[in-house]
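Letter by letter, the chains look like this.
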Amino acid sequence: QQQVKQSPQSLIVQKGGISIINCAYENTAFDYFPWYQQFPGKGPALLIAIRPDVSEKKEGRFTISFNKSAKQFSLHIMDSQPGDSATYFCAASQPRAGNTGKLIFGQGTTLQVKP
Amino acid sequence: GAVVSQHPSWVICKSGTSVKIECRSLDFQATTMFWYRQFPKQSLMLMATSNEGSKATYEQGVEKDKFLINHASLTLSTLTVTSAHPEDSSFYICSARTVSYNSPLHFGNGTRLTVT
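One line per chain: the protein sequences are P and G, in this order.
For the first sequence, the working numbering assigns the number 1 to the initial residue and increments by one for each residue that follows.
For the second sequence, the working numbering assigns the number 1001 to the initial residue and increments by one for each residue that follows.
Don't take every hint at face value.
Straight-line C-alpha distance at most 30 Å; calculated BS3-like pairs for lysine-lysine [to be verified]:
1. G:K1041 / P:K15
2. G:K1041 / P:K114
3. G:K1020 / G:K1066
4. G:K1064 / P:K102
5. G:K1020 / P:K102
6. G:K1064 / G:K1041
7. P:K57 / G:K1055
8. P:K5 / G:K1041
9. P:K102 / P:K5
10. P:K102 / G:K1066
11. P:K102 / P:K15
12. P:K114 / P:K102
13. P:K68 / P:K58
14. G:K1014 / G:K1041
15. G:K1066 / P:K68
16. G:K1020 / P:K15
17. G:K1041 / P:K71
18. P:K102 / G:K1041
19. P:K58 / G:K1041
20. P:K42 / G:K1055
21. P:K57 / P:K42
22. G:K1020 / P:K68
23. P:K57 / G:K1014
24. G:K1020 / P:K57
25. G:K1014 / P:K5
26. G:K1041 / G:K1020
27. G:K1066 / P:K42
Hints were generated in silico from the structure; no laboratory data involved.
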């Protein structure tokens, strides 16, 4: 119930291509779905987040697509650049009341963008 | 804005000693802070949730006597690894959010602990 499953584990994309990372969850009480980017030796940095009342959110080259009925959400990175090479984590949390809004993370996807 | 500072960034200690890691919210008040642990090439595993002025809530399997958490103010939480052993070597990351329900979670840059 508390798991967030992420795929693929690793991804290689050519520069300029589209990177797509998928996540699935079971707990229907989750109401906040962020994506984080992490570089080696650093803490995760928030990229973009979505709530279940919208099906898509776009910020620059990053887009989250959300399918509530399928309990799936995905991150699309358009025009991928070598600087995007990092590990990406999806996450989910329940409302703060009674749960403090703690984040449950997916397993992570290591993205390599080849020049 | 929303900067979380973690100190030290790395520490090496001998087995049996204790190590304290500090997590500060620099430009906001954090009512809730979370401590995560991350092994190489793995995901972040939540260790505990700390609320200012109250006892931390530990996740299942995390020894509260080994990983002491104190959230003494709205800008500071500390994690003390007591009687450290080599298996405690890991990357420890704190995170914090403001009082707002919709506020995102901000992470520190982590502390690399190596126990020799």
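Right, here's what the structure says about each hint:
1. G:K1041 / P:K15: 24 Å, holds
2. G:K1041 / P:K114: 20 Å, holds
3. G:K1020 / G:K1066: Holds, at about 12 Å.
4. G:K1064 / P:K102: Holds, at about 18 Å.
5. G:K1020 / P:K102: 23 Å, holds
6. G:K1064 / G:K1041: Cα-Cα ~25 Å, so holds.
7. P:K57 / G:K1055: Given pair K57 (chain P), K1055 (chain G) is violated - Cα atoms ~37 Å apart, limit 30 Å.
8. P:K5 / G:K1041: Holds. K5 (chain P) to K1041 (chain G) sits at ~16 Å (cutoff 30 Å).
9. P:K102 / P:K5: 17 Å, holds
10. P:K102 / G:K1066: 21 Å, holds
11. P:K102 / P:K15: Cα-Cα ~35 Å, so violated.
12. P:K114 / P:K102: At roughly 35 Å apart (the allowed maximum being 30 Å), K102 (chain P) and K114 (chain P) break the hint.
13. P:K68 / P:K58: Answer holds: K68 (chain P) to K58 (chain P) is near 17 Å, not above 30 Å.
14. G:K1014 / G:K1041: 24 Å, holds
15. G:K1066 / P:K68: 40 Å, violated
16. G:K1020 / P:K15: 42 Å, violated
17. G:K1041 / P:K71: 26 Å, holds
18. P:K102 / G:K1041: 22 Å, holds
19. P:K58 / G:K1041: Holds, at roughly 28 Å.
20. P:K42 / G:K1055: 28 Å, holds
21. P:K57 / P:K42: 26 Å, holds
22. G:K1020 / P:K68: It is violated: about 42 Å lies between the C-alpha atoms, which goes past 30 Å.
23. P:K57 / G:K1014: 48 Å, violated
24. G:K1020 / P:K57: 40 Å, violated
25. G:K1014 / P:K5: Since the Cα atoms of K1014 (chain G) and K5 (chain P) sit roughly 37 Å apart, the hinted pair is violated (cutoff 30 Å).
26. G:K1041 / G:K1020: 24 Å, holds
27. G:K1066 / P:K42: 24 Å, holds
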